[in-house]
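Given only the sequences and the hints, what does the whole structure look like? Please build it.
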Amino acid sequence: MRLAVWSGPRNLSTAMMYAFGHREDFTAVDEPFYAAYLAKTGLQHPMGDQILASQPTDPEEVIRDLLAPSPKEHVYHKHMSQHMIDGVPRGFIEDCTNVFLIRHPARVVASFSAKYDNVTLESIGFVQQHELCTQLTDKGMPAIVVDSADIRRNPEASLRALCAAIDLPFDPAMLSWPAGPHPDDGIWAAHWYGAVHKSSGFAGEEGPLPDVPDELQHLVDGAMPHYLSMRERLLAIT
1 MRLAVWSGPR
11 NLSTAMMYAF
21 GHREDFTAVD
31 EPFYAAYLAK
41 TGLQHPMGDQ
51 ILASQPTDPE
61 EVIRDLLAPS
71 PKEHVYHKHM
81 SQHMIDGVPR
91 GFIEDCTNVF
101 LIRHPARVVA
111 SFSAKYDNVT
121 LESIGFVQQH
131 ELCTQLTDKG
141 MPAIVVDSAD
151 IRRNPEASLR
161 ALCAAIDLPF
171 DPAMLSWPAG
181 PHPDDGIWAA
191 HWYGAVHKSS
201 GFAGEEGPLP
211 DVPDELQHLV
221 DGAMPHYLSM
231 RERLLAIT
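If you count by this note's numbering, then the sequence shown holds residues 1 to 238, one letter each, in order.
Think of the hints as simulated: they come from the structure by calculation, not from any bench.
Every residue gets a Cβ at the ideal spot worked out from N, C-alpha and C, and that includes glycine.
There may be inaccurate statements among the hints.
[Claimed, not checked] Restraint-style ranges between C-beta atoms, simulated for each label pair:
1. G91 <-> S54: 24 to 34 angstroms
2. L67 <-> D214: 42 to 52 angstroms
3. L228 <-> E206: 10 to 20 angstroms
4. M1 <-> A203: 20 to 30 angstroms
5. P213 <-> G180: 26 to 36 angstroms
6. P89 <-> L228: 19 to 29 angstroms
7. A195 <-> S54: 17 to 27 angstroms
8. M1 <-> Q217: 32 to 42 angstroms
9. P225 <-> Q50: 34 to 44 angstroms
10. T27 <-> E215: 34 to 44 angstroms
11. D171 <-> A236: 30 to 40 angstroms
12. M47 <-> I237: 27 to 37 angstroms
13. A53 <-> Q217: 34 to 44 angstroms
14. R64 <-> A236: 31 to 41 angstroms
[Stated by the list, open to error] Computed list of lysine to any residue pairs in SDA-like fashion (alpha-carbon distance at most 25 angstroms, straight line):
15. K40 <-> S113
16. K72 <-> G91
17. K115 <-> L52
18. K115 <-> A53
19. K40 <-> A189
20. K72 <-> G48
21. K40 <-> A190
22. K115 <-> G222
23. K115 <-> G207
24. K40 <-> K139
25. K115 <-> S199
26. K72 <-> G222
27. K139 <-> T97
28. K72 <-> A161
Written out as structure tokens, the structure is:
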């Protein structure tokens with residue numbers, strides 16, 4: 001199985017990669033389009049030069065690598081939806097099992113803006129994530145949606161439901177992992193993964209929605225229709 005999990009920034013994506021990567025039958029790939037995204041946009045990100053040197057910058061080469069045979073039975077693709085810009089082909093997702101990991105826009109905006117300046121609607125990925133989901137559903141293909149709030153509220157029930165939805169046996173190893181850096185981490189982990197490196201499992205349930213500064217509220221408003229539309233397909237957790 002090629003399990004492509006589509007998230008935006010600050011949304012349990014690394015913890016989910018660790019959960020699946022802790023299974024004996026999975027290997028994982030961390031944000032394979034990051035260097036291609038930086039090369040095409042010219043954006044200046046923390047550790048940008050190291051990122052560009054660490055990965056292919058040609059999206060076609062990235063796709064060939066993603067669709068190549070895996071050293072283990074299954075492979076987990078941790079994708080950032082905002083990397084799917086013009087010029088990055090999207091047809092390859094139809095050769096993968098696709099899961100869409102969503103989070104309330106107010107939480108994403110508040111968390112991401114604390115780590116990165118000049119946040120835009122494009123940089124938080126809701127539009128692209130929704131487009132990818134629609135690409136599949138318009139063709140009658142599966143597009144499984146899970147909310148990070150459900151995972152944090154009840155990790156075992158959520159992961160059991162997700163595994164059942166993708167026809168994969170649940171493995172209790174997914175519920176915890178060793179603290180510290182992980183072998184599947186991208187080179188950018190030193191800047192972005194500090195909190196998750198201190199963890200050995202999923203964080204607990206989140207509190208009330210954060211206050212978003214007035215000057216960033218338009219990002220929440222712009223993302224909300226895409227979030228709500230994807231929530232209509234939300235996987236039931238029992």
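Can you give the numbers of the hints that this structure goes against, from lowest to highest? Per hint list: 11, 20, 24, 26 violated.
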